[in-house]
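**Student:** The primary structure of each chain is shown beneath.
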Amino acid sequence: MSFEPRIVAFLCNWCSYTGADLAGTSRIQYQPNVRVIRVMCSGRVDPAFVLQALATGADGVLVCGCHPGDCHYSEGNYKAMRRFPLLERILAAYGVPKERVRLEWVSASEGQRFADLVNDMTDRLRALGPSPIKSGLRTDAVERY
Amino acid sequence: MAENKKLQVALYWGAACGGCDVAVLDTNEFILDIARAADIRLWPIAVDGKYKDVEAMADGELDLCLFNGAVRNSENEEIAKLLRRKSKVMVAFGSCAYMGGIPGLANLTTREAIVDRAYFHNPSIQPGNHTMPQSETQVGAETLHLPRFYKRVYKLSDVVDVDYFVPGCPPAPAQVKGVVRAVIATADGGSLPPKGTVVGASDRALCDDCSRAKAEKKIARFYRPFQVVQDPKRCLLEQGIVCMGPVTRSGCGVRCPDSNMGCRGCYGPLPGVHDHGARFLSALASVIDSKDRTEIDAILDGIPDFIGTAYRFGVPASLLQRSVRS
Amino acid sequence: MTRRIVIDPITRLEGHGKVEIFLDAGGAVEDCYFQIPELRGFERFVVGRPIEELPRIVTRICGVCPASHHMASAKAVDGCFGGEVAPVAHKLRDMYYHAHYIHSHIAHFYALAAPDFIMGPDADPAVRNILGVVAKVGLEIGGQVIRARALAQDIQQRIGGRSTHPVWCLPGGVSKGLTQPELEEIKPMVKELAGFTQFSLQLFRDIVLGNKGYVDLILNGPYSLDVHNMGLVDADNAPNFYDGMVRVVDFEGKEICKYKPTEYAEYVAEHVEPWSYLKFPYLKKRGWKGFVEGIDSSIYCATPLARLNVADRMATPGAEEAYQEMYTTLGRKPCKALLANHWARLVEMVQNAEMMERYCADPEITSDQFRVIPRGITGEGIGIVEAMRGTLTHHYTCDDKGICTSANLIVGTTNNNAPIQMVTKKVARTLIQPGKDPDQGILNMVEMAFRAFDPCYSCATHSLPGQMPLIVRIHKGGEVCREFRRNVDRVRPDGASR
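Protein chains in written order, with this note's numbering: chain A, 1 to 145; chain S, 1 to 326; chain B, 1 to 498.
In case anyone wonders, no lab produced these hints; they're calculated from the structure. Warning: the hint list may mix true and false statements.
[Unchecked claim] Beta-carbon label-pair distances, calculated as ranges:
| hint | chain 1 | residue 1 | chain 2 | residue 2 | range |
| --- | --- | --- | --- | --- | --- |
| 1 | S | ARG221 | A | GLU75 | 27 to 33 angstroms |
| 2 | S | ARG36 | B | GLN202 | 27 to 33 angstroms |
| 3 | A | PRO132 | B | PRO181 | 46 to 52 angstroms |
| 4 | S | ASP231 | B | ASP362 | 24 to 30 angstroms |
| 5 | S | PRO232 | A | GLY24 | 32 to 38 angstroms |
| 6 | S | LYS218 | B | GLY195 | 50 to 56 angstroms |
| 7 | A | ARG138 | S | LYS5 | 40 to 46 angstroms |
| 8 | B | GLU182 | S | LYS195 | 54 to 60 angstroms |
| 9 | S | HIS274 | B | GLY27 | 57 to 63 angstroms |
| 10 | S | THR186 | B | GLN433 | 30 to 36 angstroms |
| 11 | S | ALA215 | A | ARG38 | 33 to 39 angstroms |
[Unchecked claim] Cross-link-like lysine to aspartate or glutamate pairs, in silico, DMTMM-like; alpha carbons within 25 angstroms at most:
| hint | chain 1 | residue 1 | chain 2 | residue 2 |
| --- | --- | --- | --- | --- |
| 12 | B | LYS191 | S | GLU29 |
| 13 | S | LYS50 | B | GLU447 |
| 14 | B | LYS333 | B | GLU320 |
| 15 | B | LYS212 | B | ASP400 |
| 16 | S | LYS291 | A | ASP21 |
By construction, the Cβ of each residue, glycine as well, lies at the ideal position given by its N, Cα and C atoms.
With the rest of the complex left out, here is chain A (with noise of 0.2 angstroms):
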């Protein structure tokens, strides 16, 4: 049985959520690995939720806002787009591949973009394999030695 990756991803009720749907409904076929969490903003996505996302199981986390300057509520998405690099910084200091955490706008009509989205994430986890984060974090006696 080969691996399938399993990515969580906080879209944005505005935008990037109903891109997912327009996907949907325009019967745009992609991989099924993603699993959804609609956010108001992309503003509202804490740090400490992507981190969770790693550290229970997840083998990618994807963030999706509105596009700079389109954000329902004007600058959550900003916000997101401040926060990003320093999250990056930290998983790379963590041994954690840029590959697993992406923040990208998606905005209401760009259905295919979404779908796109998806299926590159998807195969690249495929190719990198499954997050070792959360099996290492078990605190019984065999990850001590």
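Fit chains S and B to the known structure of chain A by using the hints.
**Tutor:** Showing chains S and B alone in chain A's frame:
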């Protein structure tokens, strides 16, 4: 506890530096109050109790154990478990026991890299050395043992059930007094807070107790502490000098900002926060004055080691706990 | 059949350790091992950190002598930035450091060492500690001791912002200076401390020198080694705890070498044994010869007594008087009687207090020019200070962005690992007699051997081991006299620990 019976107390250190024990001594004459109220059955820095004395105790014979230091090797874990069995109340005392502490920075590298540096590739190792310490060494018919070295550092609550947490590197002596007084008061009917409480620290951020003037924070550039002379009256973060005050519990006395140096978070996160470094990440992101990705990156280059700053005392307590690089 | 005695953990010191004593069939001590079971890995995990952060990370090597690491680290970091430091910063650092010495020497003498002398080496362990001492000497004296150490900690906080784990030193200086009002508050505290250092010497005269048994133990007991001495000295060969040249003198008083901090790696190397995590420094040019005493030994001590042994004089008059009294009484300089370390510590405190008095009278000390902004990054620095427990070396390199690329530390107590191993064995052999089970008092007297060194094993242990196959051969006189083989075929997945 029976009336007139002294409290039975142990103070012990895992992978520690001794600073938490010095913090207890820094309560000065209060140590005499402790002596009046308690028998200290184990405190290797100051008292001659040995492991066999602890092994001989009944389970629960100790009323209180203050355990400082992280769990780095098998001995640290074994004694933590021994003391847990023998103690009614187990306290993770100090940043190392609470969050992993400075030794937790080892979780960003590997055990192999550390071995190599210590015993093989460094400027002063004996030329041609091929020896490294072993958990077992045969000498004649006998075997000498050393504790097994773990692949990573754990905080105390990863290996035993902990009742209370006292943050700080080290905990401020005034806070130490408060904690010990609360335990002594249980002999007269006083009650302890709910299990799992962080004690000896404020529930508010350092900024609330910091005397510097605070205005609006809009940071266009970060400075490393040697690059600029700080204004001693103004908020450090506003001057572009990294300070974790906004996301760190107060209770330490604001000692570092009062030395003109930024807070590095030794008192740990505020209530409800699961990952201290991630919280600092959000706080910094809120005050960066830019909407352009390239410019944002350039501003953040002013903090060259974000993980070593935001997680200075708490890598083992973070959500990811350690690097997966092998 | 061998019998085995374990002292675990050793107590009244800083850090972890255990002593394993093996008896032969007749009950005499066949062998004795002083094992250090702890390590953390500072030399590796500071790599990748901004170099100016190291002084506030490495203090966590030790909470009893954090300022030693802070100062050595600060000097190494200064070096990484080209070495320019505001002159008054050196004075402030030295002033702070003297207060730090006093805090640590008081803690050691009264809390860790004195119980053996005031309660007696074989007293009930339940009272053989600082609390027993206070109960015995009374609250007035006990209160004075507590107050004196509190003053020393308070002075550090006033000068540098924090006592335990200072965050004060920056490349080019320090982050805060001393104002005139702060100085006025410190002056009477320093004066009181100066009085206390004389009080401590008098206490030592009364309790230790006034007790024939103790004097005999010091001068004629087994706590003695024919090994060499290391310490930092100034241009007059007086002890300087913050800066100077490293001087090594043999136990007959002849200088072996004197070198600049930048040359340390030519003179000191570290040997490894499989039964301890802590390395064993030795004089590199002589090569590792094993745990042997003698004029050709490559083993040396770095302790208060060693510092006084390598010095020709003290730096201040009151300390000089105390130093002369000590050597006259001991009858020999260099002194090899290791218990005299407890006395040497008190002599050093006199110099610490007198130096602080000097700084209090120095008009420059309140200057606001306590920092210079570094001009550039040169990439390497070596800082050596005398930690209270021995010569402390921090050696760093960094890249052109000032990020640490390597760190090498030789720590105070590490210098003494071999002498401690040797004297513990010697004392165990002398005190544990065949046919008589050693009681806790005898075992405590074995522990008194290391206690004289005021060891700090949190300091000493900053490296990490693993589980690799190993063959160790011990050579003596050109022949292999012992060989240890461990897991040469494969690593066992679950080695026992205790």
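**Student:** Against this structure, judge whether each hint is valid.
**Tutor:** Taking the hints in turn, this is what the structure says about them:
1. S:ARG221 <-> A:GLU75: 27 to 33 angstroms: At roughly 21 angstroms between Cβ atoms, GLU75 of chain A and ARG221 of chain S fall outside 27 to 33 angstroms, so the hint is violated.
2. S:ARG36 <-> B:GLN202: 27 to 33 angstroms: Given range 27 to 33 angstroms: holds, Cβ gap about 29 angstroms.
3. A:PRO132 <-> B:PRO181: 46 to 52 angstroms: violated (57 angstroms)
4. S:ASP231 <-> B:ASP362: 24 to 30 angstroms: Between ASP231 of chain S and ASP362 of chain B, where Cβ atoms are some 27 angstroms apart, the hint holds.
5. S:PRO232 <-> A:GLY24: 32 to 38 angstroms: Cβ of PRO232 of chain S to Cβ of GLY24 of chain A: about 59 angstroms, so the range 32 to 38 angstroms is violated.
6. S:LYS218 <-> B:GLY195: 50 to 56 angstroms: holds (54 angstroms)
7. A:ARG138 <-> S:LYS5: 40 to 46 angstroms: Taking Cβ atoms as reference, ARG138 of chain A and LYS5 of chain S lie about 42 angstroms apart, which means the hint holds.
8. B:GLU182 <-> S:LYS195: 54 to 60 angstroms: violated (43 angstroms)
9. S:HIS274 <-> B:GLY27: 57 to 63 angstroms: holds (59 angstroms)
10. S:THR186 <-> B:GLN433: 30 to 36 angstroms: Hint violated: Cβ distance 48 angstroms, outside 30 to 36 angstroms.
11. S:ALA215 <-> A:ARG38: 33 to 39 angstroms: holds (37 angstroms)
12. B:LYS191 <-> S:GLU29: holds (21 angstroms)
13. S:LYS50 <-> B:GLU447: holds (13 angstroms)
14. B:LYS333 <-> B:GLU320: holds (14 angstroms)
15. B:LYS212 <-> B:ASP400: Violated. LYS212 of chain B to ASP400 of chain B sits at ~62 angstroms, over the 25 angstroms cutoff.
16. S:LYS291 <-> A:ASP21: violated (28 angstroms)
When held up to the earlier numbered hints, the structure conflicts with 1, 3, 5, 8, 10, 15 and 16 and fits the remainder.
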